[in-house]
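Protein chains in written order, with the numbering used here: chain A, 1 to 383; chain B, 1001 to 1623; chain C, 2001 to 2577; chain D, 3001 to 3154.
Treat the hints as calculated values from the structure; they're not laboratory data. Cβ coordinates follow ideal geometry from the N, Cα and C atoms, glycine included.
If you anchor each label on the Cβ, the simulated ranges turn out as follows:
hint: 1; chain 1: C; residue 1: Ser2235; chain 2: B; residue 2: His1495; range: 52 to 60 Å
hint: 2; chain 1: B; residue 1: His1495; chain 2: A; residue 2: Ala187; range: 13 to 21 Å
hint: 3; chain 1: C; residue 1: Cys2039; chain 2: B; residue 2: Gly1223; range: 48 to 56 Å
hint: 4; chain 1: C; residue 1: Asn2062; chain 2: B; residue 2: Arg1519; range: 50 to 58 Å
hint: 5; chain 1: B; residue 1: Gly1223; chain 2: D; residue 2: His3067; range: 54 to 62 Å
hint: 6; chain 1: C; residue 1: Asp2388; chain 2: A; residue 2: Pro112; range: 27 to 35 Å
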Amino acid sequence: MAIRANPHLIDELEKYGAQDVVKCYHCGNCSATCPFSGDTFVFPRKSMRYLQLGLSSRLRGNLEPWLCYYCGECSEECPRGAEPGETMMSMRRWLTARYDFTGISGLFYRSPKAELLAITLVALLTGLGFTLFGMSQGSLAVYDGPGAFLPAEKVHVFDWIMAGVLVGLLGINCVRMWWFTVGSDKAVRVPPGQYLKQVLLVPWHFMTQRRYSQCDRKRPWAVHLVLMLSYLTMLVLIMFFLHRLQHGPAIDWTVHALGYAAALGLLGTTLFALRGRGLRNETHYKHSHETDWIFLILLFVVTLTGITQHILHRGGLETAANVIYIVHMMGVVPMLVLEVPFSKWSHMAYRPLGMYFSTLREKALLAEEQDSRTRPEPVAQTA
Amino acid sequence: MPSFASPKKIGVFFTHANTGRLDGLDLEKVMTFALELPEVTVVEDLGPIRRPDPHKLAEWIKDLGLTDVVIAGDTPGYHKPVFTRAMALAGGEADAVRLASFGEAGAATDQVESTAKAAVACAVHDVPFGLAVTPVRVPVHPDTLVIGAGVAGIETALRIADAGHHVHLVERAATIGGHMAMFDKTFPTLDCAACILTPKMVAVGQHENIDILNCSEVQAVGGSPGEYKVRVLRRARRVDPEACVACHACRDVCPTRVPSEFDEGIVERKAIYMAFPQAIPNAYVIDGDNCLWVKSEGEKCGACVKKCPKDAIHLDEEPRSVELTVGNIVVATGFDTFDATLIERYGYGRLPNVLTALEFERLTNASGPTGGRIVTRTVRRKRKTKQEEWIFDTDAPAPRSVAIIHCVGSRDQNHNAYCSRVCCMYSLKFAHLVKEKLPDAECYQFYIDMRAFGKGYEEFFERIKDEGVFVVRGRTAQIQRGDDGMVIRGEDIVHDRIREFPVDMVLLAVGLEPAKGTRHLAKVLDIQPGCDGWFTELNYNTDPTATNRGGIHVAGVCQGPKDIPDTVAQASAVAARVLGSIISGSIRVDRDTVSPAEAAAQASAIASANAQEASWPSEPTPT
Amino acid sequence: MSKESRIGVYICNCGTNIAKVVDAERVRDMVADLPGVACARTYKYMCSNPGQDMITQDIKENNLDRVVVAACSPRMHEPTFQKALEAAGLNPFLLEMANIREQCSWVHDDPGLATNKAADLTHAAVRRVARHQPLEKQEAPYTPVTLVLGGGIAGLTVAVELAEAGQRVHLVEREGRLGGNVGRVDLTAPYLDSARDILAEKIVQAETNPRIEVHLRATITDLQGFVGNFTATLSHTHEPDQEIPVGAVVVCTGYHEFDATRVERLGFGKYRDVITSFELEARLRKGRLETSDGRTPRYVSIVHCVGSRNPKYHAYCSRVCCMTALKYGHEIKSALPDAMVTDLYVDMLSFGKGGEDLYRRTSELKTMFLMFEKGDYPVVRKAEPDDDCGLLVEVQERLSGEAIDVPADLVVLMVGMQARGDSDQVARTVGISQDSHGWFIESHPKLAPVSTATEGVFIAGCCSSPKDIPDSVAQAQAAAAMVLGYIAQGKVQVDARYAQVDTDLCSGCRMCNELCPYTAITYDPDENRSSIQSAECKACGTCVAACPSGAITARHFTDEQILEQIEGVLAWSSSQP
Amino acid sequence: MEFEPTIVGFLCNWCSYTGADLAGTARIKHRPNLRVIRVMCSGRVDPTFVLQAFSAGADGVMICGCHPGDCHYLEGNDKAFRRFQLLKRLVAAYGIEEQRLRLEWVSASEGERFARLVDTMTAELRELGPLVRPPDLAGAPNPCPEVPREVAHG
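Can you make the complete structure from the sequences, with help from the hints?
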């Protein structure tokens, strides 16, 4: 059964940041340039083709955008300036929107104004909430200990509730991702045993960004790894060692050393990325979607306020520390609530899952091929 | 159709397409000029619009009561369909939409404004631009200068000389023949290039009406159409071609070896050399940059002089200039090939068995270093210096697999965005030669679009496939050193997979670029090189050989990539122009100086004359 | 022949073209001892300057009076070697060539048998050349009037070009108007210039130039004579036949478009909204780009290669359709800004100047390009009632590997070019040949792309193969150059090969009179003898073979020359001892 | 060793000789048994030539001209065809098998056809074996004056 071509898909993807896809004349240069493009997954050309023809069903079940790390070589070598790397990037945004069952993601990507509005709203609510909560708890002049404006233990409860909600939302989206890319495809039968056998791939890729390191260019990987590990460190420190971080004024070097390193890592990499996007000095920084800016600026603000708040606290300026703490939370909450399930942050889940699912598909296809090979050869067809 | 019955209301709309042709044009002045033309009621600058709405335009046309519309700009044709439709929607005459193209006349920069005005005036009066510009005719000198003696220059020179007129044939190299002399076979008939070209070269060499100025370059051009004064620099040949009998005695004693340009560097020649045995003039020449005697200013060597039995060698010869007076100048400077080292991932220059097209032409040529055997390059230690060098040895192993990569440097905005037009076919020819000489070798073509458009080309493509050549749709991304030879990687699009396999030899179908020095020559001749560096013809459709200067013509590849049949046809076409001017005794100086007022008057006169007897096509009857 | 002749035999290796299969040295050794052979040599490239010099040198030094060159086809290099003989002061007709490349080394694999054959052919040439006679070429005046067949862009260009050089031209057009197929086009690719302006300029120039006589609704029915001295008979629809003397004929009869009904799956003739490219041109020109029921199409689909690149119809590529289709991409988008254009192609042949640029810009207009396999045409079918389009075009898309349904309200078929139905009649009348597709054959695609086998008859434009406007114009100008070459010289050389009647032997039976297709033979009743006008004789030799009294000789193809040749080819290889 | 027949071919200059050249440029391989003699037109082929060829040792003779209607000289091939009808009878009268004499139309574009004709004729003559030459063949006078039109059509 033939699939109906849809000329409007490109228009839709353009809102997600795709540009110049129409210029592609399918020479195949990009696919051959990409070190990840192989027998089972040939990309980015094929994905570009689905997009050009508007085959949204094919595109929705496509894992290939998650296999691309946007080193930018394909775009640089493209003879038509069709920006395959950026197209893959925009497809990741589009896929994120498809996986998200609430529709919020699509709204944010298509309309940065809506995202900004949502961020402002959440930030204001957070600010208001924490101020009211703080006033009910103690004095603005006390940072920690008895009478603290925002007692760490209580804030921590809030942290865990938020984390639970976010994991739940993201979890549902991940299941949807599985359904679109593996579950609903009748051509691929993945035996349950395989799921278990390959499951370690998820933490492995999450932690090491192993695949990213296989790109010909190493610097983007290094920057990304530092950012990711810094963030992860900070997350672990906050989720599990918050009391040791927050209590002062003494410095607890066992956690603070890690915390400082992570803060520096975050600060350095976000600055690096912001500068790169501003100057467009690397191929993957050449085109920036509004959501890229929003995310980076949020992260930068959060890092900066986090550091400031810490310095103020250790410096004994507790009132100022509390004010900045609220500002910090006004960045942290919208960043986590909106970015993690609905926007750029979600890729920390989709990417490793992409690796995992693609391996499953690959193994299943391979098994099928071997299976068919043991069967008698069909009569050779002449071309 | 012009008519006196009802008064016309003409709207002139200006558009921009950012082609660069309007640079330096003061549009205001053209618009003011347009508004003063009779019957013009509206002049609008639409700006760089992308897609006007036909319904809005229709309303506009209706409101203004326009009967005729003129679209003016650098490429006004892009908006003709929408204006035509708008006209039809408004109930007007669809045929009353006309174009005034500023690009058409290929005018020099200082002429842009007057050409634009004239074009608008012509369109307003519904008179083709070419008719309104009265050609000024001046007497013409019967001699002709042909610059470049490749197949195009040779063909033009022969056509003119055979008709009994004198031709000066200027060639930068020591021999005539150009690139075609280097080829082995020609597509699609596979007749040997030498068999076609050498008789023509011999005919040129023997022709009483042609004088060959080899080792020469045009330095300056003065005078005016009809009588150009040309100064030609004749570099020192240092061997008298009249006296030399090509006995090779000098070559045998010459101590200096350098890579042979004619053989694309795959073999060496001496400092005193003949590019190839059939060279015309059939005489030796000394390469002053490498000759020991010349370099040492007479201190060293000089062995050849002693050996020469005819006293033909004059090592102290100095370059000199000659002055020529000619009526017509034909530019046939041809092309150079794309520098494949610019695409690093193909490894040209690093990997010894990645060859360019011309290198392969020489390798497979019967008079090449291996007598036409296709072998891989192997390493050898130089006897004296013990340095390693890569050479083609007749006894070296033949490649077991050969990959041919199309569009190297062509159709690529990082290099040359245009298509070089000949590479597909010569690549197919290479595949055939590989299969013919090495039936067991595997041969792969990596292509994007197979452009087999000429007579017998498509059939040739089919034949190549029947011969067992694998054609892979997809561009190769890279060639890397492998364990045993090289590994090539490319996408096989139709079969949806990445192909990565070892090959012994890779042929790069390098594209064509304007010959080195083309821009300089354009300046000397005061004619226009286009955006890609190829010379711009006066009119793409109707004047493919004329330039913006009267009496200066372009022929062959220097106007744009072409295969041999098209080059020969175009070269003959130039001869028509030259012979026509000589026979009629005068030459058109047209479009060098266009007076808008005159053009407008002329157009108006033609228009009213034509009002009685309509003579150009309106709605045709299909046959 | 009383005196033993001194023949030089030259065997060419043609690089390895001949020597790879034929043992040239052995052939040389075999023929060296034949009677009359004074010297025999081999050389790498006989046609090269040194090769030719070797022959002229030998003629002078060894006193040769006849030469045999065993090399490529005489159709290729006979003139070259004839010139070499002339350079040495020998009559060019004292040359004979043995074709040991095209008809030997290139078609045989067995070196032994091929060498034998080459030796036989060379032997025959030696035997034949011994009987050659020096012949002198004759000169004839050249009538500086040119007949141009076809009033399309090529014919108009030839006519205007010649007239501007001050020459008289008869421009003959079958239809009632000038302009040909370009007259059916609105804008030209790649710059979207106005075809109407291009044509109008040429037509006005042709019609207003007093040196051009335009014959509309006229055809050529007969062409007699020879180069420089033709008499053409023109037949007009409403007027009596007209005979005009001309020096040369340029055939620019153009092409006809492919009949798209032949490709059934495209639905042309079945669905009213499947139209040809020419119909689209007409609609664009009228500003009414609508479907058959007057709706504004939302989807327009363009199908390439209709009738081209398919052995079932025409194996060749029609060369202009891709560029035209890209042009349509722009035109449709301009007229219908909201329409979506799909372009179904095989390979995109946007090869000319500005071509690749047009392709890129058409892509940027969001034209959807779909690639199908050569010969595997898309299938056009009616859309379902709930579809938002009238037709669906199903294509096996190669770049995605998917079967795709393309929505279409209007399907435009890029019909290819084919030889005109009347081209065989034209070919017969003017004496030129056609290839298997019906296109006229040029005498050599690279050496002489506009000349034909008949001297003084030229071809230009699409009648020899598909071409775009600039290439047609270049060819037309090239043909004009050939004609101007004659005019500049003012005379032509008549072939020295013609038939002669020995009046002593002629019995006046008049058998030959009827046979001659050129009426070159006249009978003198007073003398009761026939005689031949040498300038009109084209040397076919039919009369020679027929003459019962052996009174007619074909110069350079005499009975004895051919009989010697027969004995020569058989002397070594006849099966009978 | 297998018998290699010798065939003499009379090819017209415009179509068949060009077609044979095309077989060459297209490298269409065929048997090397044909010895080509170029004539301007198939109409030039005098019956004497054919008889002389058989007499001098040919095992077969092939005359090739342009397809009917394509003759460069308008109707030379037509003349050849008429002459051939009589020639066939004459050759038969000498006891020469009819397969040994052929008249074929080969156009300038039929390199392939030319090659196949040579191959088939060679194969047929191999079957037949060498021509046993009739003693009275040699030195026969011009045996075949032009046939009057009525005879040819009748």
